[in-house]
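Novice: Sequence:
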Amino acid sequence: MKRILTIITIILTITSSTMAQALTQHKGEVENGYNFWLYNPDSIVANETEPKPVIIFLHGASLCGNNLDKVKTYGTIDAIQKGRKLDAYVIAPQNPGGSWNPEKVMNVLDYVSDEHNIDYDRVYVAGMSLGGFGTIDVAATYPDRIAAAIAMCGGGTVADLSGLCEVPLWIIHGTADRAVGVGQSDKVVEEIRNADEEAPRLVYDRVKGWTHGTPARLFYLPETYEWLMGHTLKDPTRSINDTFKLNNELLSNAYKGLRSTGSKKKTKRRAPKRARKI
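Every number in the numbering used here is 38 more than the matching position in the sequence shown, counting from 1.
In case anyone wonders, no lab produced these hints; they're calculated from the structure. Predicted model, so just to flag it, every value in this text is computed and none were measured. All C-beta atoms in this analysis are idealised placements derived from N, C-alpha and C, irrespective of residue type, glycine included. Be careful, since some hints might not be right.
[As the list claims (entries may be wrong)] Each computed SDA-like pair below joins lysine to any residue, with the alpha-carbon atoms no more than 25 angstroms apart:
1. Lys123 x Leu296
2. Lys123 x Leu271
3. Lys225 x Arg183
4. Lys90 x Lys142
5. Lys272 x Lys225
6. Lys123 x Asn139
[Claimed, not checked] What follows is a set of in silico ranges between Cβ atoms, one per label pair, in the way DEER data are often shown:
7. Ala233 x Thr281: 20 to 30 angstroms
8. Leu296 x Glu228: 30 to 40 angstroms
9. Glu228 x Glu153: 37 to 47 angstroms
10. Asn70 x Lys108: 18 to 28 angstroms
11. Glu153 x Gly295: 27 to 37 angstroms
12. Ser298 x Asp224: 29 to 39 angstroms
13. Lys123 x Tyr158: 16 to 26 angstroms
14. Asn155 x Thr249: 19 to 29 angstroms
15. Tyr158 x Thr213: 32 to 42 angstroms
16. Ala217 x Thr270: 30 to 40 angstroms
17. Asp107 x His154: 19 to 29 angstroms
18. Asp280 x His154: 24 to 34 angstroms
19. His154 x Asn104: 18 to 28 angstroms
Please model the entire structure based on the sequences and the hints provided.
Specialist: Right under this line is the structure:
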């Protein structure tokens with residue numbers, strides 16, 4: 039029994055060490071950019087030479103600041119740490135405060151591309167809340183560089199959203215969201231459809247009863263990343279892939295097979311008077 043425990047300890051140590059090599063933080067390196075986390079899949083698979091897709095994760099308002107560890111609280115980096123396997127680079131910038139700046143986000147991408155073998159035809163962006171706004175703004179500003187995007191419980195702030203007509207885009211927003219009202223996504227969808235009535239590259243799930251934090255679980259599902267990475271700029275029509283059905287059963291399985299990255303003391307909490315932005 040003691041030998042088995044020793045072997046398990048060694049395996050966990052090696053796994054932790056490998057993850058540490060794959061996940062690195064970068065501060066003050068990008069002019070007119072952001073500090074960011076980078077997940078490098080090539081650190082997991084030695085001698086990998088094929089270009090790999092890039093997923094840009096944009097966090098919500100509660101993770102803004104100058105402590106990069108906050109960016110690992112939820113989302114794609116947290117999912118990777120819990121065991122979600124992604125054969126893609128993941129860039130997770132930290133916004134110090136205010137709206138996401140699309141130019142700064144892309145400056146970080148360009149910085150990473152100078153050092154790593156990325157697939158320029160498969161760059162994706164996904165975010166929620168403030169990050170949902172950022173996702174819409176980045177995709178609208180750079181429709182020729184973003185292969186697909188998922189915007190959760192956000193909206194849009196850039197003046198011209200017509201570029202979104204070119205991008206395979208999945209917008210998800212709960213009708214019970216009290217932090218960012220569903221009307222914000224409604225406005226984005228209306229502008230897309232005003233620019234292109236058919237809007238063939240748009241999917242809008244206006245989910246009844248979902249609150250502001252509900253969509254966060256989608257970052258832990260493999261289906262979310264399979265959907266994103268099923269798109270490429272090499273597709274001349276830029277057609278949108280079939281989405282998967284959003285329901286409570288799907289969300290209840292979001293963490294299935296994933297490990298906990300730390301224990302949290304259970305405490306009783308009063309119901310909040312207002313929804314918290316995340």
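Novice: Look at each hint and say if it fits the structure.
Specialist: Against the structure, the hints come out as follows:
1. Lys123 x Leu296: holds (10 angstroms)
2. Lys123 x Leu271: holds (23 angstroms)
3. Lys225 x Arg183: This hinted pair holds, its Cα atoms lying about 24 angstroms apart.
4. Lys90 x Lys142: Holds, because 22 angstroms separates the two Cα atoms, which is no more than 25 angstroms.
5. Lys272 x Lys225: violated (30 angstroms)
6. Lys123 x Asn139: Violated, at about 29 angstroms.
7. Ala233 x Thr281: 20 to 30 angstroms: holds (21 angstroms)
8. Leu296 x Glu228: 30 to 40 angstroms: holds (37 angstroms)
9. Glu228 x Glu153: 37 to 47 angstroms: At 40 angstroms between Cβs, range holds.
10. Asn70 x Lys108: 18 to 28 angstroms: holds (22 angstroms)
11. Glu153 x Gly295: 27 to 37 angstroms: holds (32 angstroms)
12. Ser298 x Asp224: 29 to 39 angstroms: About 37 angstroms separates the Cβ atoms of serine 298 and aspartate 224, which means 29 to 39 angstroms holds.
13. Lys123 x Tyr158: 16 to 26 angstroms: holds (23 angstroms)
14. Asn155 x Thr249: 19 to 29 angstroms: At 40 angstroms between Cβs, range violated.
15. Tyr158 x Thr213: 32 to 42 angstroms: Check passed, 37 angstroms falls within 32 to 42 angstroms.
16. Ala217 x Thr270: 30 to 40 angstroms: Roughly 34 angstroms apart at Cβ, these two residues keep to the hinted range, so it holds.
17. Asp107 x His154: 19 to 29 angstroms: holds (23 angstroms)
18. Asp280 x His154: 24 to 34 angstroms: holds (31 angstroms)
19. His154 x Asn104: 18 to 28 angstroms: holds (25 angstroms)
Of the hints listed earlier, those the structure fails to meet are numbers 5, 6, 14, in rising order.
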